[in-house]
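Residues per chain are reported as follows:
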Amino acid sequence: MAVRAVGEAATRKQTMDFKVLSDFMHSPDFEVAAFKGVKTTFRNWNGQLRQPLIVTTPKLLVSVSPQPGFLHQTSELDTMGYDKPETKCKAYTQ
Amino acid sequence: MPRLKPAVLPFLAAALFASGTPADAYSVFVTNEKDNSITVIDSDTLEVTNTFKVGQRPRGIILSKDGKWIIVCTSDDNIVQVYDAKTHAFVKTLPSGPDPELHILHPDGKILYIANEDDNLVTAVNIETREVITEIPVGVEPEGMGISPDGKVLVNTSETTNMAHFIDTATHKTFDNILVDSRPRVAIYNKEGTQVWISSEIGGTVTVLNAADRKQIGKINFEIAGVAKEAIQPVGIRLTQDGKKAFVALGPANRVAVIDVPTLKVEKYILVGQRVWQLYLTPDDKKLFTTNGASNDVTVIDVDNLKAIKSIKAGRYPWGVVISND
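Residue numbers (my numbering), protein chains in the order written: chain G, 30 to 123; chain H, -3 to 322.
Since the hints were made in silico from the structure, they are not lab data. We treat Cβ as the ideally placed atom computed from N, Cα and C, and that holds for glycine. Heads up, some of the hints might be wrong.
Stated by the list, open to error - In the PhoX-like style, the derived pairs of lysine-lysine whose C-alpha atoms are separated by at most 25 Å in a straight line are: (1) H:K225 with G:K88; (2) H:K61 with H:K106; (3) H:K282 with H:K306; (4) H:K225 with G:K42; (5) H:K211 with G:K42.
What the hints assert, rightly or not - Partial chain H-side listing against chain G, Cβ under 10 Å, derived: (6) G51; (7) E124; (8) T156; (9) A224; (10) A227; (11) G247.
Work out the full structure, taking the sequences as your base and the hints as a guide.
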């Protein structure tokens, strides 16, 4: 996934410059097609990857989250995990 | 004339109407990805006339040039199957390479180009002799297949490389690769061969390229009040023969966008079934049929009035659709 993200950024920006690629990958314009038809993006406030989660038993696929009906103002993938207002992560603010 | 009992008359009238088949009754063939079957719908009565079993995971479906065969990618059988368009009897298989998804026929009607999703190849097969002519390496997860009306240029889109690969059909070599928005699914030429339309499922856009120099003419964005941007996933594209309108299936947005071709502006969104993937116009451009994978039905759109007129139950996960010429 990390390699795909770097590859995608380099293909779009046509550069090897670290800052340009890093800034682009953290911007709202960046997206990677890593989960069938769902776009995965990075949370620009803590660097986490927004991605769907497969809910399974050892033998059976049960469901894919985010669950339908849980709405969010920016991305339904942000209905999972700690969202921006709740996070205590300081990695991107220090 | 013998006198008929009044109760018989309505039946007689119905029989008369049924025998006079209108000229615009085409057969609509829908592949059901999960049911391993094809649903056949009469375009006039909008009733299901037959359902028949095919190979595993049928997806892309096209007609042979003479209209006699239905050619289906049965992805999980790693083969292409051929069925008789009239009798629905199995005719033969064609070698396809692994996981065939979408395919397109050269205008000469002989060479079939098949996108092999798992193998990053486009396979070219002679449909009469069953001979594999060549395998053309392309990007990762090839899917969309378009061919210029003169048959000289084949366009393949790769879902993971995010490119449209332009292939010279004389040499079977790629001569241009155009980066488009994420996860390109479908490529289609306009009737004149001057434009190539490419849908990007995750990018949420349709890119229109000038066929001659592969430069972008325009990009279509979609916005629907009350629908999350992530749910707008453009896949199937069809253009009317007069070149005025284009229809784009928007996946889980459950809508088909109507585009004014000269201005590339969205005119309207038509609500259809759930997760609409592919669509096809009747040869007279009067009706549009869409495959709705999550609601297991087909929506019929009246093209003149731009209104959905009926939902028809198909099998499970309707995926591809094609319509006969007569």
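Verification of the hints:
This hinted pair does not check out: H:K225 and G:K88 have alpha carbons roughly 33 Å apart, beyond 25 Å. Among the hinted pairs, H:K61 with H:K106 is consistent with the structure: their alpha-carbon atoms are about 8 Å apart, no more than 25 Å. At roughly 14 Å between alpha-carbon atoms, H:K282 and H:K306 fall within 25 Å of each other, so this suggested pair holds. Proposed proximity of H:K225 and G:K42 is supported: the alpha carbons are some 23 Å apart, at most 25 Å.
Straight-line distance between C-alpha atoms of H:K211 and G:K42 comes to about 18 Å, which keeps the hinted pair within the 25 Å bound. Interface restraint check: H:G51 against chain G, minimum CB-CB distance 23 Å, threshold 10 Å, status violated. Because the closest C-beta pair between H:E124 and chain G is about 36 Å apart, greater than 10 Å, the hint is violated. Taking 10 Å as the C-beta cut-off, the interface hint given for H:T156 holds, the closest approach to chain G being about 7 Å.
Because the beta carbon of H:A224 sits about 6 Å from the nearest beta carbon in chain G, less than 10 Å, this interface hint is met. The closest approach between the C-beta of H:A227 and any C-beta of chain G is roughly 9 Å, which is under the 10 Å cut-off, so the hint is satisfied. Evaluation of the H:G247 hint against chain G yields a held restraint, the C-beta minimum of about 7 Å falling below 10 Å.
Hint check: violations occur at hints 1, 6 and 7; the rest are consistent with the structure.
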